[in-house]
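Below, each chain spelled out in residue letters.
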Amino acid sequence: MAWTLVLGGARSGKSAYARREAEAAPRRGRLVMIATAEAHDSEMAERIARHRAERDAAWATLEAPRDLAGAVCGLAPDDVAVVDCLTLWLSNLMLDEADVGANLARLASALSASPARLLVVSNEVGQGIVPDNALARRFRDEAGFMHQRLAAAADRVVLVVAGLPLVLKG
Amino acid sequence: MAWTLVLGGARSGKSAYARREAEAAPRRGRLVMIATAEAHDSEMAERIARHRAERDAAWATLEAPRDLAGAVCGLAPDDVAVVDCLTLWLSNLMLDEADVGANLARLASALSASPARLLVVSNEVGQGIVPDNALARRFRDEAGFMHQRLAAAADRVVLVVAGLPLVLKG
Amino acid sequence: MAWTLVLGGARSGKSAYARREAEAAPRRGRLVMIATAEAHDSEMAERIARHRAERDAAWATLEAPRDLAGAVCGLAPDDVAVVDCLTLWLSNLMLDEADVGANLARLASALSASPARLLVVSNEVGQGIVPDNALARRFRDEAGFMHQRLAAAADRVVLVVAGLPLVLKG
Numbered sequence: 037m038a039w040t041l042v043l044g045g046a047r048s049g050k051s052a053y054a055r056r057e058a059e060a061a062p063r064r065g066r067l068v069m070i071a072t073a074e075a076h077d078s079e080m081a082e083r084i085a086r087h088r089a090e091r092d093a094a095w096a097t098l099e100a101p102r103d104l105a106g107a108v109c110g111l112a113p114d115d116v117a118v119v120d121c122l123t124l125w126l127s128n129l130m131l132d133e134a135d136v137g138a139n140l141a142r143l144a145s146a147l148s149a150s151p152a153r154l155l156v157v158s159n160e161v162g163q164g165i166v167p168d169n170a171l172a173r174r175f176r177d178e179a180g181f182m183h184q185r186l187a188a189a190a191d192r193v194v195l196v197v198a199g200l201p202l203v204l205k206g
Numbered sequence: 037m038a039w040t041l042v043l044g045g046a047r048s049g050k051s052a053y054a055r056r057e058a059e060a061a062p063r064r065g066r067l068v069m070i071a072t073a074e075a076h077d078s079e080m081a082e083r084i085a086r087h088r089a090e091r092d093a094a095w096a097t098l099e100a101p102r103d104l105a106g107a108v109c110g111l112a113p114d115d116v117a118v119v120d121c122l123t124l125w126l127s128n129l130m131l132d133e134a135d136v137g138a139n140l141a142r143l144a145s146a147l148s149a150s151p152a153r154l155l156v157v158s159n160e161v162g163q164g165i166v167p168d169n170a171l172a173r174r175f176r177d178e179a180g181f182m183h184q185r186l187a188a189a190a191d192r193v194v195l196v197v198a199g200l201p202l203v204l205k206g
Numbered sequence: 037m038a039w040t041l042v043l044g045g046a047r048s049g050k051s052a053y054a055r056r057e058a059e060a061a062p063r064r065g066r067l068v069m070i071a072t073a074e075a076h077d078s079e080m081a082e083r084i085a086r087h088r089a090e091r092d093a094a095w096a097t098l099e100a101p102r103d104l105a106g107a108v109c110g111l112a113p114d115d116v117a118v119v120d121c122l123t124l125w126l127s128n129l130m131l132d133e134a135d136v137g138a139n140l141a142r143l144a145s146a147l148s149a150s151p152a153r154l155l156v157v158s159n160e161v162g163q164g165i166v167p168d169n170a171l172a173r174r175f176r177d178e179a180g181f182m183h184q185r186l187a188a189a190a191d192r193v194v195l196v197v198a199g200l201p202l203v204l205k206g
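Residue numbers (this note's numbering), protein chains in the order written: chain E, 37 to 206; chain X, 37 to 206; chain H, 37 to 206.
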């Protein structure tokens, strides 16, 4: 089944776009939110709570802060799922000093092999000034490489700006 | 009358684009610049002076650092106006600890109800790395929500990159 | 001969896109990389080495950290060249306290007059939050003005996002 990469800046409406697309898709199975966030601080906890409150009861939630490929592989053919979001997953891997390249390769395979319809959300973080600190620069680089790699594999790529989709591929 | 939201990064040419569009529009009334900037420091004072120098005498200027909805409501049906820019207005509201949501609702109504032709400029600030400080993160979030809200209401939305318009809607 | 401005964020795939376009272009002369980077620190030295390793032996390399107009003027009519990248060149000029405007005017003339086919890469840096320090703000402003000026002169302008080209002009 086809999968879509949904890119967008902070508060660009990318998650809401992905949820709307998922809700509008023809579906016989579950509507699944695969969430990658972990509440490391109160700001994040608040954000997670707000996102949950925005979703109605039609959604099943899977927590997959690290094993995203495993979560994707567990979907059924009739499911429609949103992964929200890749940048938090990347951030979790980097905090763990995990092998980003190997995890990314597993994820790309899982996404392309999945029989479910998938919308995968990620943050565009590379269009500002070069960050002062080295970790932020490394994160920006890894996020950029991840987006290139996944955009090449995705069936459809959309950039969301101010809630409006701009189709980059597909 | 239709209104256009003009988004763009810093020095993207978004203001010049809005002014050119306004000057080229059929018009029987005034050509009005609704300016939201306040000179809090010398860098900003310089920027305001440069923007004024770039506009020729055809433009009437209204200062509306806070009551933007009021300024929009005061336009005549034959006027063509540019609002420059929403991000400074948002920043003024946040400095005052004003109710951003209520002000935004009033502005959205005023823009949609206005009989004048309007081009409304705002800064895209959400495509860089997550800022270190909490105020900058809050500003980025509020700007993103504002853009989503207004883009949904606008008749036309344009993203300006390197002086070139990319139509997102309309 | 026509020239293309290739814009993109950090790790957007803009350089790889420019190289692929250059390699695919009809060509009877050389394939030339005009590199503007200088290794001021080990992170940059590593980046330069990685970029070199990614290019195969088909490429001739010219180093032009400052006199980019001179390098462009030295190309032969049958050459296909990539300039990578303008933002590092701008940064070198600013470090030298050189006259950015005069250098930019010379470069714009050289690009438009060149008989070679050119792809000119630059970093989009203006879509994040306003930077804290004044030098970063000045750099962002100069980069934005440079992009506007060159985009107006270019035959084609492309924004690369996640490795995918979005045509802004041409």
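Because the hints were derived from the structure by calculation, they are not lab data. Some clues are possibly wrong.
Claimed, not checked - 20 Å max Cα-Cα, derived PhoX-like pairs, lysine-lysine:
| id | chain 1 | residue 1 | chain 2 | residue 2 |
| --- | --- | --- | --- | --- |
| 1 | H | Lys205 | X | Lys205 |
| 2 | E | Lys205 | X | Lys205 |
| 3 | H | Lys205 | E | Lys205 |
What you are looking at is a predicted structure, and each value in this text was computed from that prediction instead of being measured.
Hint check results:
Our distance criterion of 20 Å between C-alpha atoms is met by lysine 205 (chain H) and lysine 205 (chain X), whose separation comes to about 18 Å. A threshold of 20 Å between alpha carbons decides the hint, and for lysine 205 (chain E) with lysine 205 (chain X) the separation of about 18 Å falls inside it, so the pair holds. With a C-alpha separation of about 18 Å, the suggested pair lysine 205 (chain H) and lysine 205 (chain E) falls inside the 20 Å cut-off, and the hint holds.
Hint check: no violations occur; every hint is consistent with the structure.
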